[in-house]
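Trainee: Take these sequences, add in the hints, and give me the full structure.
First to last, the protein sequences are chains A and B.
Just so we're aligned: 175 in the working numbering is position 149 of the first sequence, and the numbers increase by one with no gaps anywhere.
Just so we're aligned: 132 in the working numbering is position 95 of the second sequence, and the numbers increase by one with no gaps anywhere.
Quick caveat, the hints were computed from the structure, so don't treat them as lab data.
Any given hint might turn out to be false.
Partial chain A-side listing against chain B, Cβ under 10 Å, derived [as the list claims (entries may be wrong)]:
| hint | residue |
| --- | --- |
| 1 | 38 |
| 2 | 172 |
| 3 | 219 |
Here are the simulated EDC-like pairs of lysine to aspartate or glutamate, each with C-alpha atoms no more than 20 Å apart in a straight line [as the list claims (entries may be wrong)]:
| hint | chain 1 | residue 1 | chain 2 | residue 2 |
| --- | --- | --- | --- | --- |
| 4 | B | 80 | B | 53 |
| 5 | A | 176 | B | 188 |
| 6 | A | 75 | B | 188 |
Remember, it's a predicted structure, so these values are computed and weren't measured experimentally.
A virtual CB, placed ideally from N, CA and C, is assigned to each residue, including glycine.
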Amino acid sequence: MKITLNIWRQANAKAEGHLERYQLDGVSEDMSFLETLDMLNEQLTTEDKEPVAFDHDCREGICGMCGVVINGAPHGRYSSSVPTTTCQLHMRSFADGAEITVEPWRAGGFPLIKDLVVDRSAFDRIIQAGGFISVNTGAAPEAHSVPAPKLESDRAFDNAACIGCGACVAACPNGSAMLFTAAKITHLAMLPQGQPERYSRVKSMIAQHDAEGFGGCTNIGECASVCPKEIPLESIAQLNRDLMKSLFRREGK
Amino acid sequence: MTTTAPAKKAAVKTGDPALAFYRLGADISDSKAPDVDIEKMWKTRQFQAKLVNPSNRRKLTVIIVGTGLAGGAAAATLGEAGYNVLNFCYQDSPRRAHSIAAQGGINAAKNYRNDNDSTQRLFYDTVKGGDYRARETNVYRLAEVSANIIDQCVAQGVPFAREYGGLLDTRSFGGVQVQRTFYARGQTGQQLLIGAYQALERQIAAGTVTMYSRHEMVELIVADGKARGIVTRNMVTGAVESWFADAVVLATGGYSNLFYLSTNAMGCNVTAGWRAHRKGAYFGNPCYTQIHPTCIPVHGETQSKLTLMSESLRNDGRIWVPKKAEDCTTDPRQVPEADRDYYLERIYPAFGNLVPRDIASRQAKNMCDEGRGVGPAIAEKDFDGNPREVRRGVYLDFSDAIGRLGKKTIEARYGNLFDMYLQITGENPYEMPMRIYPAVHYAMGGLWVDYDLQSSITGLYVCGEANFSDHGANRLGASALMQGLADGYFVLPNTINDYLSTGPFPKVDATHPAAVEALDAVKGRIEKLLSIHGNRSVDSFHKELGAIMWEFCGMERTAEGLQIAIGRIRALREEFWTNVHVTGVNEDFNQALERAGRVADFLEFGELMCIDALHRRESCGGHFRAESQTEEGEALRHDDEFAYVAAWEYGGEDKPVLHKEPLVYKFIELKQRSYK
Numbered sequence: 027m028k029i030t031l032n033i034w035r036q037a038n039a040k041a042e043g044h045l046e047r048y049q050l051d052g053v054s055e056d057m058s059f060l061e062t063l064d065m066l067n068e069q070l071t072t073e074d075k076e077p078v079a080f081d082h083d084c085r086e087g088i089c090g091m092c093g094v095v096i097n098g099a100p101h102g103r104y105s106s107s108v109p110t111t112t113c114q115l116h117m118r119s120f121a122d123g124a125e126i127t128v129e130p131w132r133a134g135g136f137p138l139i140k141d142l143v144v145d146r147s148a149f150d151r152i153i154q155a156g157g158f159i160s161v162n163t164g165a166a167p168e169a170h171s172v173p174a175p176k177l178e179s180d181r182a183f184d185n186a187a188c189i190g191c192g193a194c195v196a197a198c199p200n201g202s203a204m205l206f207t208a209a210k211i212t213h214l215a216m217l218p219q220g221q222p223e224r225y226s227r228v229k230s231m232i233a234q235h236d237a238e239g240f241g242g243c244t245n246i247g248e249c250a251s252v253c254p255k256e257i258p259l260e261s262i263a264q265l266n267r268d269l270m271k272s273l274f275r276r277e278g279k
Numbered sequence: 038m039t040t041t042a043p044a045k046k047a048a049v050k051t052g053d054p055a056l057a058f059y060r061l062g063a064d065i066s067d068s069k070a071p072d073v074d075i076e077k078m079w080k081t082r083q084f085q086a087k088l089v090n091p092s093n094r095r096k097l098t099v100i101i102v103g104t105g106l107a108g109g110a111a112a113a114t115l116g117e118a119g120y121n122v123l124n125f126c127y128q129d130s131p132r133r134a135h136s137i138a139a140q141g142g143i144n145a146a147k148n149y150r151n152d153n154d155s156t157q158r159l160f161y162d163t164v165k166g167g168d169y170r171a172r173e174t175n176v177y178r179l180a181e182v183s184a185n186i187i188d189q190c191v192a193q194g195v196p197f198a199r200e201y202g203g204l205l206d207t208r209s210f211g212g213v214q215v216q217r218t219f220y221a222r223g224q225t226g227q228q229l230l231i232g233a234y235q236a237l238e239r240q241i242a243a244g245t246v247t248m249y250s251r252h253e254m255v256e257l258i259v260a261d262g263k264a265r266g267i268v269t270r271n272m273v274t275g276a277v278e279s280w281f282a283d284a285v286v287l288a289t290g291g292y293s294n295l296f297y298l299s300t301n302a303m304g305c306n307v308t309a310g311w312r313a314h315r316k317g318a319y320f321g322n323p324c325y326t327q328i329h330p331t332c333i334p335v336h337g338e339t340q341s342k343l344t345l346m347s348e349s350l351r352n353d354g355r356i357w358v359p360k361k362a363e364d365c366t367t368d369p370r371q372v373p374e375a376d377r378d379y380y381l382e383r384i385y386p387a388f389g390n391l392v393p394r395d396i397a398s399r400q401a402k403n404m405c406d407e408g409r410g411v412g413p414a415i416a417e418k419d420f421d422g423n424p425r426e427v428r429r430g431v432y433l434d435f436s437d438a439i440g441r442l443g444k445k446t447i448e449a450r451y452g453n454l455f456d457m458y459l460q461i462t463g464e465n466p467y468e469m470p471m472r473i474y475p476a477v478h479y480a481m482g483g484l485w486v487d488y489d490l491q492s493s494i495t496g497l498y499v500c501g502e503a504n505f506s507d508h509g510a511n512r513l514g515a516s517a518l519m520q521g522l523a524d525g526y527f528v529l530p531n532t533i534n535d536y537l538s539t540g541p542f543p544k545v546d547a548t549h550p551a552a553v554e555a556l557d558a559v560k561g562r563i564e565k566l567l568s569i570h571g572n573r574s575v576d577s578f579h580k581e582l583g584a585i586m587w588e589f590c591g592m593e594r595t596a597e598g599l600q601i602a603i604g605r606i607r608a609l610r611e612e613f614w615t616n617v618h619v620t621g622v623n624e625d626f627n628q629a630l631e632r633a634g635r636v637a638d639f640l641e642f643g644e645l646m647c648i649d650a651l652h653r654r655e656s657c658g659g660h661f662r663a664e665s666q667t668e669e670g671e672a673l674r675h676d677d678e679f680a681y682v683a684a685w686e687y688g689g690e691d692k693p694v695l696h697k698e699p700l701v702y703k704f705i706e707l708k709q710r711s712y713k
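Mentor: Okay, structure coming up:
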């Protein structure tokens, strides 16, 4: 296959960025999207040009490290027939001769580092605000001492599947990280172990979410439609319900 | 660690070619496991350990490198205890460590199934599975703390699979006869890691742990005989900095990425371990790597990594290749039954497609070497270095199972795996037989540690896949997660205090000669890499090294092949340092430079791995020496000569030094495996 790539190049957060055009020949349809970027970088290295910086690690769709906007959609969601991460998108999703535009996540909460790489540490700080259950090592009761109903447990799992990639933020016209936050809230709220801190957690995490410069949620739903792990939009409704309840309680920020 | 005079029977025959590559040093042994009955050992050690008063803990600093199951769990736990923890990872967030990719599950001796499981049985299964090359004392403790892990994870909110009664579900896994594997769909590693990550973030918020992500450890600082710090490169700014502590913990994972194509993440590397090795930490059993039989095959030269599919697929799929080479390119559905070779069923009638991982892997290679592989022809080099093209794939066919059980049943059992296969290959496994091929995915070898997980450098501890402990020559399924969390949550936090109680140690800072030397060495190395301006990319060296390792130190190893490999690695390493092209500058986000440093270390480590494989003239677990097999072609151990851990000391310009730790089996009897 022959491919034309328009890739966002930007030396650092302060520099001006621009789209640069590259031609690639000999792309195989079995290659993953990131292998195509590898191929381009090999070519650039041979020409003594600076390779394109992009984040990636496991390349099997689970670590959440990779993520670029492809033809306007995070992880190239609308080029693929199934929800996907960038690393699991393959070139057979594109026609021979296709022109593909590749950009970084763009959101107020994700400052750019270089080219396609952004800083997502705000997500870690949202978790620090309360996305955990306070139990020290060694202090746990026997695992079967507290049964967890299967239905709720499965729903907890559906939300715990979030990989923290940030596609939801990149897709949102408001630059909101509400789906990410809601996934953690719902995961822990559905488990008996998560109850003691349930309402302080939601208040503190939302406060941190807002402090990080993410926008508010207006129920547009772009986030859920690009989520590689299919975190449902209704998790945000769960978050809102818990947040409402928390306003009548004293704990939390 | 204690050393004794070299064993009298030097255990080497004249004419052994390995002798040209190493020197024999004194035997070593673990001095930390108390000499009591194995059931009382861990409790005794915990009682013997000296303690640190809670109010003194914040005065003690511990550096932990890595945030996977072992590192993340250790950082959170030591933070909770009140130590001042500095935690480092190369990823952008601690949640991304490669523990996240583990699919299958985690073993624990809970005996929830009432199926005769016990600490004793998990201990026995693990030692046997490791082909009797693991240290008994460490394995027993692993089995002993396994049940606590499940309690801890459930309390953290890990959503394990549950039954309708609300209690935990378990399944069987990897050739054992009890159902002791806890799981969270096909994402057990992810869920356990998120549990550890949440505990870690809680400590970061509490101020006991300071997190440095996008920081790569590039050197260890050993001052006055003790590990006292590390040097890191800030991967965003390029700043090279030194950090100081009372103890250093490496939890930096395995080295399978040495093979370039593996199921490891792209960033997985040996650098932290290798840098420590160069500073005096012994490397244990580097030749023990595990190869997984059911991975998606290579599609071509641009392949960057391999994806593993759960080997549960072998329960219902039948593995075959065409009998005639000319059928290798025809549609497999058109190959008549009589022209198919179900080779595992043919060679191993009793176990068939369910033979252990190493056997299934080796036979797949044999079929492809014979020219009966399927799928795309892959360019590679043969034994003599000449280019050739080989089809590297065998069929895993579900048509019988679909006919017998119906598509619905197969979908319920393997639906997610079939979807994954379809997404990666574009072929629908409900209609077309899957193609599979083995790939490297775990390193049993690692830095040598004693019962306390302390390396041969005082004050340097090693946890999880990064150490050599617990799995011997072969790891059982669902045991990697168990070991990572056992080390991180329960073992290290109960042993490191024994050492820390002798601190705080005299202050070491950037002016200490050892720190100055380490920092200068790192800067010099970076400058050198950037100044070569050669003609080959870093990746091209990594790929070539991987191909050498895979051909000669992969599924099957021979004395002749390993010697060829050592020669080629040396030549490649020389070329690397004169002809590599690393673009850009240090003071920037420079991924080519990051990779160059890692590949440079792989080029040194690969040689040691081949030397270890060459010296071990027996087959055991993941290490198959063609010269040592039974008449039926099975692995043949030589317990009289090789029942020891090979702990390698860095030799500098000279040859590496082999220290043997004899394996003493007091509680388990050594037996030869058989799967006929």
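Trainee: Could you work out which earlier hints the structure fails to respect and list their numbers in ascending sequence?
Mentor: 4 and 6
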